[in-house]
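Peer 1: Next come the chains, spelled out residue by residue.
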Amino acid sequence: MVDLVELDFEKYRDIIEEYKRKRRLMSAGVIALILLYLPLASFVSTKIEPMIFGWPFYAFYSIILVPLITLAYFLFLGYYEVKLDREIAEKMKGGVR
Amino acid sequence: MAFDPTVSIAVIAIYLLITLGVGLLAWRRYPPVSFEDFVLAKRKIHWFTGFWSAAAAQFSALSFMGFIAFYYKFGVAGYVAILGMYLFLTCSMYYFIADKAWKLGKRFGHITPADVLGEYFSSKYYRYLVGIALILALVPYLQVQYAGVGILLDIATGGLVPFWLGGLILYIIMLAYTWAGGMRSVVWTDTIQGIIMLGAMLFGGFTLVFLIQGGIGAAYNHILEKIGPEFFTIPDRTGVWKWDYLLAWAIPVGLGWILHPHMWARLYYFERGHVVKYYPFVAGFIEYLLQTGGWIVVLAGVLILPNVSPDQYLLMTYRMYFPTVLFGLIAAAGLAAMMSSAAAQNHAVGMVVTRDIIHTAEANVSDRTEVLITRIAIAVVGFIAYLTAVFGYSLLLTSGAAAASLATASILPQIATAMYGVSRIGPVKLTKEGAIGGSFAGLIITLVLFLSPTLSKSIGLYPGIWGLAANIAAFIVVSAFTKTAVDELKAIEWKRTTEIPITIFEEREK
Numbered sequence: 001m002v003d004l005v006e007l008d009f010e011k012y013r014d015i016i017e018e019y020k021r022k023r024r025l026m027s028a029g030v031i032a033l034i035l036l037y038l039p040l041a042s043f044v045s046t047k048i049e050p051m052i053f054g055w056p057f058y059a060f061y062s063i064i065l066v067p068l069i070t071l072a073y074f075l076f077l078g079y080y081e082v083k084l085d086r087e088i089a090e091k092m093k094g095g096v097r
Numbered sequence: 098m099a100f101d102p103t104v105s106i107a108v109i110a111i112y113l114l115i116t117l118g119v120g121l122l123a124w125r126r127y128p129p130v131s132f133e134d135f136v137l138a139k140r141k142i143h144w145f146t147g148f149w150s151a152a153a154a155q156f157s158a159l160s161f162m163g164f165i166a167f168y169y170k171f172g173v174a175g176y177v178a179i180l181g182m183y184l185f186l187t188c189s190m191y192y193f194i195a196d197k198a199w200k201l202g203k204r205f206g207h208i209t210p211a212d213v214l215g216e217y218f219s220s221k222y223y224r225y226l227v228g229i230a231l232i233l234a235l236v237p238y239l240q241v242q243y244a245g246v247g248i249l250l251d252i253a254t255g256g257l258v259p260f261w262l263g264g265l266i267l268y269i270i271m272l273a274y275t276w277a278g279g280m281r282s283v284v285w286t287d288t289i290q291g292i293i294m295l296g297a298m299l300f301g302g303f304t305l306v307f308l309i310q311g312g313i314g315a316a317y318n319h320i321l322e323k324i325g326p327e328f329f330t331i332p333d334r335t336g337v338w339k340w341d342y343l344l345a346w347a348i349p350v351g352l353g354w355i356l357h358p359h360m361w362a363r364l365y366y367f368e369r370g371h372v373v374k375y376y377p378f379v380a381g382f383i384e385y386l387l388q389t390g391g392w393i394v395v396l397a398g399v400l401i402l403p404n405v406s407p408d409q410y411l412l413m414t415y416r417m418y419f420p421t422v423l424f425g426l427i428a429a430a431g432l433a434a435m436m437s438s439a440a441a442q443n444h445a446v447g448m449v450v451t452r453d454i455i456h457t458a459e460a461n462v463s464d465r466t467e468v469l470i471t472r473i474a475i476a477v478v479g480f481i482a483y484l485t486a487v488f489g490y491s492l493l494l495t496s497g498a499a500a501a502s503l504a505t506a507s508i509l510p511q512i513a514t515a516m517y518g519v520s521r522i523g524p525v526k527l528t529k530e531g532a533i534g535g536s537f538a539g540l541i542i543t544l545v546l547f548l549s550p551t552l553s554k555s556i557g558l559y560p561g562i563w564g565l566a567a568n569i570a571a572f573i574v575v576s577a578f579t580k581t582a583v584d585e586l587k588a589i590e591w592k593r594t595t596e597i598p599i600t601i602f603e604e605r606e607k
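If you're matching them up, the sequences are chains A and B in order.
Per this note's numbering, the very first residue in the first sequence carries number 1; after that it's consecutive.
Per this note's numbering, the very first residue in the second sequence carries number 98; after that it's consecutive.
Treat each hint with caution, since some may be false.
[Unchecked claim] Below, simulated DSS-like cross-link-like pairs (lysine-lysine); rule was C-alpha separation at most 30 angstroms, straight line: (1) A/Lys11 / B/Lys580; (2) B/Lys526 / A/Lys11; (3) A/Lys93 / B/Lys141; (4) B/Lys197 / A/Lys93; (5) B/Lys592 / B/Lys139; (6) B/Lys339 / A/Lys20; (7) B/Lys592 / B/Lys554; (8) A/Lys91 / A/Lys20; (9) A/Lys91 / B/Lys526; (10) B/Lys526 / A/Lys22.
Hints listed in this document are in silico derivations from the structure and should not be mistaken for laboratory results.
Please read all numbers here as calculations on a predicted model, not as lab measurements.
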């Protein structure tokens, strides 16, 4: 088990708040993607024409377009959050030692 | 194509021997030395095997046959329900919870969801309740795997291996390596099984659609002509999957997968914490490939086999068009999907029995005894699930989705409050009694609605969503009238723990 007892959290409050703010912004993107998928998919579900690359528009939208955008966003999030995590850790170390 | 069951049986037998060999090899190389080693491989799993194991534990009879049955029956509405549910709800849940769970696990030594809730709400009775609720939620899910293997071997061997024997074979082989090597054997076999399964689904799907329909675009056009546009719309052609029902189904089911103990344990077992930040992408990407492969199989054959049992559609299509050796390989991939989940689930049930029930009742049990109890629990609960599959088989997706939504209805609101260190909602201080009342209400309402289809139908929507609503309402109302509030200092400590960067945890552990 990792011991964090002696960490003075108040000392890093500003750094942590900055981390949380950035993370909250990213979370908004995840929620936006959920909204993009569900109601819009519902809207286009009644319009199966035109065909795109031989696919009905609705199928193209829900099977190719939105999932790939979402996956790309999740990949970006993974990369960005690891980078952010390391940056914040670096700042905290600067403050402690 | 002519089907020769002996060839198919030979291919499947080779696959089963390889799986058993890999599972036992993991045990020989790293024999478990403690309870934490047996259930979490000392939290030292490499990212590659860790992600494949998580994906394979998620792939199951549901992914291989149940979900495809769904697409076959309901068209694109089924695909949107499953992929949308997984990609948006399950992956978002990973995003919001995975790193917090990893950090809290590192600091406080959590292994199961009941560890988290029992500690946060300071109640050993709650720990019992959550442990029992999650076993109740896992048994039907485990039953699905046995049923899936039974169906698969029945078809793949031309009826030579009946339903009951297929399930029994799965039970014996899986028990052998899970008993011996614990989590490490499960992870090693999962990795191989996950790769086989994904490869087979993509290869099979694309080959079939070009072989039968002449391409994906052509398949769409043929279906539009013969079945009509309703195969590609919501509501679907049966009229069941309207948007309100779809959402009410997707929310409790999609949020429930991670709450199952076998998936929850996979949030803790990575050696490197940064890896969990990639959970939403990796889990989503693998599932996307798998489900899209499955959808393409449906596009390929729905016009050729319009009236087969949905659960059997996939294998029947492969059997019609592939040479027996290739069909045997595909069937082995299906077995891989089911065995990987069954092993993970069975192992998790053993872990829950020991950790949440035995250990809670008597903390001074030796490590060796805990490992032994876990092994016995794996054997006993696995056998019960096998028996329920033989005597009470239902449509694959129905059981699997029920299992996930039971987990959501039982503990999701409480897990969310613990992960975010929440101790009050508005003016209401959350209490131990509120948490127990909420879980109890969610569990009972969901079970009652699942067990009485008439009542469920008259209320409308999906039972799991009512269970979740009952949990939230009871959690808040009971909290308002009871006094054992969550310790605010503890809530702050948990919240702060989740705010510390993973890098700090890793450096301190060195």
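Peer 1: Could you run down the list of hints and mark each one as holding or not?
Peer 2: Going through the hints against the structure:
1. Between A/Lys11 and B/Lys580 the alpha-carbon distance is near 33 angstroms, which puts this suggested pair outside the 30 angstroms criterion.
2. At most 30 angstroms may separate the alpha-carbon atoms for a hinted pair to count; B/Lys526 and A/Lys11 meet this at roughly 28 angstroms.
3. Between the alpha carbons of A/Lys93 and B/Lys141 the distance comes to roughly 25 angstroms, so the proposed pair stays at or under 30 angstroms and holds.
4. Between the alpha carbons of B/Lys197 and A/Lys93 the distance comes to roughly 21 angstroms, so the proposed pair stays at or under 30 angstroms and holds.
5. The straight-line distance between the Cα atoms of B/Lys592 and B/Lys139 is roughly 25 angstroms, inside the 30 angstroms bound, and the hint therefore holds.
6. Taking the CA atoms of B/Lys339 and A/Lys20, the gap is near 38 angstroms; set against the 30 angstroms cutoff, the hint is violated.
7. About 41 angstroms separates the Cα atoms of B/Lys592 and B/Lys554, which puts this hinted pair outside 30 angstroms; it is violated.
8. Between A/Lys91 and A/Lys20, the direct Cα distance comes to roughly 15 angstroms. Compliance with the 30 angstroms bound is thereby established for this hinted pair.
9. With a C-alpha separation of about 35 angstroms, the suggested pair A/Lys91 and B/Lys526 falls outside the 30 angstroms cut-off, and the hint is violated.
10. For the proposed pair B/Lys526 and A/Lys22, the alpha carbon gap of about 29 angstroms is at most 30 angstroms, so the pair holds.
In this structure, the hints that do not hold are numbers 1, 6, 7, 9, in rising order.
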